[in-house]
Amino acid sequence: QKEVEQDPGPLSVPEGAIVSLNCTYSNSAFQYFMWYRQYSRKGPELLMYTYSSGNKEDGRFTAQVDKSSKYISLFIRDSQPSDSATYLCAMTGTGNQFYFGTGTSLTVIP
Amino acid sequence: KAGVTQTPRYLIKTRGQQVTLSCSPISGHRSVSWYQQTPGQGLQFLFEYFSETQRNKGNFPGRFSGRQFSNSRSEMNVSTLELGDSALYLCASSLDPVFYGYTFGSGTRLTVV
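Protein sequence lines correspond, in order, to chains A and B.
Per my numbering, the very first residue in the first sequence carries number 1; after that it's consecutive.
Per my numbering, the very first residue in the second sequence carries number 111; after that it's consecutive.
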């Protein structure tokens, strides 16, 4: 079983839709959670960072962590064509190694 | 502010050869990590260097090695290349990955034929 599971998609939504991206994990020691966005032919860029459980909001993006269910989510409101990218979740416990999901490919159609 | 620079961007090598990839981190970042990205496995951690010392290591064979110089620049070496080593190799730098996350370079696309 992989440490982190992420639905690869692809996910296709119309512009303005609310997008929900999710990851599940198996290691209860994970406490630092991140979301990265990766455009084609580029490296991932950090989008959101959350410590332990709870919600964090930044503009159109909201990250949620439910440690009891070992489940994290990223919500994108009012999605834009520029949001079309691959979204990667990442997490770690003590920081000695980060575990990434395989990524969800998102396309926002104008 | 300059980002993380990886060279070369593309490489084609033959099985059995060795290859060296280079990474220049963001100025002031002493932590440099390397990841292998493939479509099936996603990002897999290779190793992290901090102030010239390997601080953490992933589950890759000894053919994969790295080093960090006093100016924080890092190199990754893969010896005796195999077809399965074809991947995008990403370098990431940080002040501290746990608290600040990574800044990634655009990667080196390695193709082994």
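Hints are computed from structural coordinates only; laboratory data are not their basis.
Warning: the hint list may mix true and false statements.
Stated by the list, open to error - With a cut-off of at most 25 Å between alpha-carbon atoms, the simulated BS3-like pairs for lysine-lysine come out as follows:
hint, chain 1, residue 1, chain 2, residue 2
1, A, Lys-42, B, Lys-123
2, A, Lys-56, A, Lys-67
3, B, Lys-123, A, Lys-2
4, A, Lys-56, A, Lys-70
5, A, Lys-70, A, Lys-2
6, A, Lys-2, A, Lys-67
Said to hold, decoys possible - Not close to chain B: a few residues of chain A, all C-beta gaps over 12 Å, as computed:
hint, residue
7, Val-4
8, Val-13
9, Ser-20
10, Gln-31
11, Arg-41
12, Glu-45
13, Leu-46
14, Gln-64
15, Asp-83
16, Thr-92
17, Tyr-99
As the structure is a computational prediction, the values presented were derived from the model and not from experiment.
We put the beta carbon where it would ideally sit given N, CA and C, even for glycine.
Results for each hint:
Using a Cα cut-off of 25 Å, the hinted pair Lys-42(A) and Lys-123(B) holds, with the two alpha carbons roughly 22 Å apart. Simply put, Lys-56(A) and Lys-67(A) have alpha-carbon atoms about 14 Å apart, close enough for the 25 Å limit, and the pair holds. Among the hinted pairs, Lys-123(B) with Lys-2(A) is inconsistent with the structure: their alpha-carbon atoms are about 30 Å apart, more than 25 Å. Of the pairs offered as hints, the one joining Lys-56(A) and Lys-70(A) holds, with about 17 Å between alpha carbons and a cut-off of 25 Å not exceeded.
Distance hint between Lys-70(A) and Lys-2(A) is fulfilled; the C-alpha atoms sit about 13 Å from each other, no more than 25 Å. With a C-alpha separation of about 17 Å, the suggested pair Lys-2(A) and Lys-67(A) falls inside the 25 Å cut-off, and the hint holds. For Val-4(A), the shortest C-beta to C-beta distance to chain B comes to about 8 Å, within the 12 Å cut-off, and the non-interface label is violated. Taking the minimum C-beta to C-beta distance to chain B, about 22 Å, the non-interface status of Val-13(A) holds against the 12 Å cut.
Non-interface status of Ser-20(A) relative to chain B is upheld: no Cβ of that chain comes within 12 Å, the nearest being about 20 Å off. With a minimum CB-CB distance of about 9 Å to chain B, Gln-31(A) fails to clear the 12 Å threshold, and the non-interface call is violated. Distance check for Arg-41(A) against chain B: the nearest CB is about 7 Å away, which does not clear 12 Å, and the non-interface claim fails. Distance check on Glu-45(A): its Cβ comes as close as 7 Å (rounded) to a Cβ of chain B, failing to clear the 12 Å threshold; non-interface status is violated.
At roughly 4 Å from the closest C-beta of chain B, the C-beta of Leu-46(A) falls inside 12 Å, breaking its exclusion from the interface. Even its closest Cβ contact with chain B, about 18 Å, leaves Gln-64(A) beyond 12 Å, as expected for a residue assigned away from the interface. Distance to chain B confirms Asp-83(A) as a non-interface residue, since its nearest Cβ pair spans about 19 Å, more than 12 Å. A cut-off of 12 Å between C-beta atoms contradicts the statement that Thr-92(A) is not in contact with chain B; the least separation is 6 Å.
Under the 12 Å C-beta cut-off, the non-interface status given to Tyr-99(A) relative to chain B is violated; the minimum distance is some 8 Å.
In this structure, the earlier hints numbered 3, 7, 10, 11, 12, 13, 16 and 17 are contradicted, and the remaining ones agree with it.
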